[in-house]
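Following the hints, complete the assembly by docking chain B onto the known chain A.
Chains A and B are the protein sequences, given in the same order.
When you line the first sequence up against this note's numbering, it's residues 1 to 523, in that order.
When you line the second sequence up against this note's numbering, it's residues 524 to 923, in that order.
Note that these hints are calculated values from the structure, not bench results.
Heads up, a few of these hints could be off.
Here are the in silico distance ranges between beta carbons for each label pair [what the hints assert, rightly or not]:
#	chain 1	residue 1	chain 2	residue 2	range
1	B	D636	A	S503	37 to 45 Å
2	B	R627	A	G401	46 to 54 Å
3	A	P97	B	A633	28 to 36 Å
Here are the simulated BS3-like pairs of lysine-lysine, each with C-alpha atoms no more than 27 Å apart in a straight line [said to hold, decoys possible]:
#	chain 1	residue 1	chain 2	residue 2
4	A	K185	B	K663
5	A	K183	B	K652
6	B	K652	A	K185
7	A	K104	A	K55
8	A	K358	A	K313
9	A	K183	B	K663
10	B	K652	A	K382
11	A	K462	B	K755
12	A	K47	A	K34
13	B	K755	A	K382
14	B	K652	A	K188
15	A	K354	B	K652
16	B	K663	A	K188
The beta carbon of each residue, even a glycine, is placed where N, CA and C say it ideally should be.
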Amino acid sequence: MGRVIGIDLGTTNSCVAVMESGQPTVLPNAGGYKTTPSMVALTADGKRLVGHLAKRQAITNSRNTVHAAKRLIGRRFDSAETQQMIALAPYEVVRGPNDDPRIKLGEKVFTCPEIGSIILREMKRVAEEALGEPVRDAVITVPAYFNDSQRQCTKDAGRIAGLEVLRIINEPTAAALAYGFGKRKDEKIAVYDLGGGTFDISILELGSGVLEVHSTGGSPFLGGEDFDRRIVASVIDRYQQAEGIDLRGDPMALQRLKDAAEKAKCDLSVRETTEISLPFIASDASGPKHLNLELTRVALEAMVDDVVRQTVKLVEQCLADAELQPGDIDQVILVGGQTRMPLVQNAVAELFGKRPHKGVNPDEVVAVGAALQGEALLTEDKSLLLLDVTPLSLGIGTMGGHFARLIDRNTTVPVRKQHVFTTTRDGQSAVKIRVLQGESETAAENDLLGEFVLSGIRPAPKGEPAIEVSFDIDANGIVSVSARDTDTGKEQSITVNATGTLSEEEISRIIEEQELYEVQIRS
Amino acid sequence: MELRSGSDEEGRVLRLVESCGVPSIPLSPAEGYLLSRIDGRTPWGVLRQMGGLPAADVDLCLRRWLAQGLLEAADASDGASGGPPSADDLLDSSLDLPVEAQQRILAFEARLDRPYHEILGVSREADAKIVKRAYFELSKEFHPDRYFRREIGPYAARLSRVFARIAEAYELLSDPAARAEIERGLDPAPAQTTDRAEAAAPVAGLAQSASAARRARAALHPGQLRRLAERKGRSRRFFEAGMVAFEGGRWLEASASVRLAIAFDPSNQAFKDAFGPVQRKASDERGKQLVEQAERALDHNDFRDALRSYEESLVHRPHDPGANFEAARLLLHFGEDLKRAKEYAARACELVPDSASHRRLLGKVYRAAGLVANARRELEAALRIDPMDGAARAELRALA
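Chain A with its partners taken away, still in its complex shape (with noise of 0.2 Å):
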């Protein structure tokens, strides 16, 4: 059996790990990196290029290079996240057949998962290299608030990649894992990731060798990005002051202004000021112009404070959850580069009342603990066993359009439970269910999973049949059903009216599509 490597994969970064003789290790690519941007770019000469190959052109072709495509993987095009992907991405959006969101490259549409699964392809590969020999099981990180569309899209993104996926698990949960490898103590953790484009908050308890998640928390709408964005819209503001020119319409401009911003913000978590320096950034009737302007890191901290005290809040609330104070935790880890700003690291401080742990590299702590999972769970030597929770509330849609919960956010997974549902008139043959997870009374303010109609009910006075339906969220967190007639024990059938997940057909006409292009490649 070959071995089965951890990836964490990032909005921004992906990174790869394996276990190597008992210890994790994280897998360097040919460019010597740990880290490799979550990029996908198609050339003007119908190339694909993957991670800093693709970061490396991403300005000059920035209509053909995607980044930061897991903001947009397993949700409907019409949601809130995705419109706002469109207006910002220099990429094409569009509707595909199942209501998601797809990227148009050059004249191809390509599906989240395909694009999700040409960067795991790259990390694939990224550890063969490294490790010169096959790989095939992986374990897939993703962030604690990923519902079931986007982690079955995840995984469906493995499958495409010619991984089998043996678990997708949080990537809270992989740092506290990466952690807590080979520590006997009992403690508890707090795990405060600011990644690139989320933000999750999850507390653990480690005790003899069992991993047990407590709660989980966050915000898909808080990362670094959201940094970047307020000193890009800073900057734009004080050239459009200075030299009258507004830069918000030139895509190319915007690019530049992204990556600089980016690399201010890293520089400023060093330093107290920096210069975002962009020659020929626009022009006008005199010529070329520059843009030349300094940042101070009070200033930056002025203009993401409020972002952080958010993150404070959803901590607050996280160890609500969990019945905890927060002098209770033993341990803070941080995770996700946004964690290395002071700013960032004084607030977690001031919360927890304790400096937060240094041993781990907030980079590669994740993809650490996957490969540790990984492990676990094929070893023979079962000392270390993960309790997950499901961070999101499973229900359905009741009459009113209210959210009926039938398993609660922070429940261990797996878990299994179930409803009876009924008919409303007489001689009725089928009841139509709508899945959906989140938190909110209302049932349109929730994500939508699934609308199922089970037909076939036997014909008898409205209330009396009386269908029991099963809702299972498995160990990777995604959600199945099934349903049964009490009264005759018959299975009952359903069908899926809508899921913004890909079918069968669809992923296998894909796998053997990326199996041409791979011979095309390598002929």
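Showing chain B alone in chain A's frame:
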């Protein structure tokens, strides 16, 4: 989101374990009907559709009976039957799961209806830390991930059930409010001595166990909850009727009602506790009725019926000297089972040692069996008690 169908139980075929005392378990008529349908050929899925009980209750019954050792799997490969009711038939050495692990899973699965404390193996004094440690240890053994990607056949579903129950127990026992309520429900009803108090105690216990169960019910889904509420309501009504009958001295009615209450709510310990005294009273009552019935049969010279009724009465009231005497006399009359006749006669003598007629009967039974010395001893004893017993004297003469 995925759609699944089918369950692993669907195709299982069950049969009764021969050595098991079926009638000793209180069953509702519908449960009895279900039990009567189990023939070692009908698959589980078909049993669900037999009617009488809702399919979910069929599942519960079958699982319970399997756990109690009343049923076993009737696998085609298994030619030898009548073996012990143990779970050995469920063990499968071809699986990628050690037989010892299989045994532990089966043993745990059989106890899934036990109270939460027993599931986790913690005492009522255990603090939150001990509860958590127990949960972690059990999780390490029974979490489905322990056998990830291994060929464990039906044990995958078993592990899921076991782990779900462990997680539920931990969830409730680590919530102080829920735990307090569960523990209040575990308090036994105060011990009572008199008959009158025995009747009253279970009623007090009823209210307590109802509050205990409330929390446990919170873990059930709405459909189960509705059926459970219905069953519990019926169960309580039966029990209350039983208590009224008990106070009115209508022992048989009381017993039948409590038996039904238990059938509809097998988890209610208060009902089971009440059943003992009610059952004893009812049994005594039934014994007396049978003796009356036997006497009426004798009046009509219907000796066969009389004998049958006397013998049945002895099941309920084994220490009734009159019934023992009459049963022995009738058996001797028919000359069939002299061994049983001897037992009854001897017991009558034990119960009333100074009765010449009992001794004489025992002597006559021995004589009929050809045990001359024993016959002489008993007849002489009869004469010592009553020297005027002419019949005994005549018997003795006949012996010589």
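Hints, verified against the model:
1. B:D636 / A:S503: 37 to 45 Å: 42 Å, holds
2. B:R627 / A:G401: 46 to 54 Å: Since R627 (chain B) and G401 (chain A) have Cβ atoms about 48 Å apart, the given range 46 to 54 Å holds.
3. A:P97 / B:A633: 28 to 36 Å: 51 Å, violated
4. A:K185 / B:K663: Roughly 17 Å between the alpha carbons, so the hint for K185 (chain A) and K663 (chain B) holds.
5. A:K183 / B:K652: Holds, because 18 Å separates the two Cα atoms, which is no more than 27 Å.
6. B:K652 / A:K185: Holds - the C-alpha atoms of K185 (chain A) and K652 (chain B) are around 14 Å apart, at most 27 Å.
7. A:K104 / A:K55: 18 Å, holds
8. A:K358 / A:K313: 23 Å, holds
9. A:K183 / B:K663: 17 Å, holds
10. B:K652 / A:K382: The hint holds at about 22 Å.
11. A:K462 / B:K755: The given pair, whose Cα atoms are some 25 Å apart, holds under the 27 Å limit.
12. A:K47 / A:K34: 24 Å, holds
13. B:K755 / A:K382: 43 Å, violated
14. B:K652 / A:K188: 13 Å, holds
15. A:K354 / B:K652: Holds, at about 24 Å.
16. B:K663 / A:K188: 19 Å, holds
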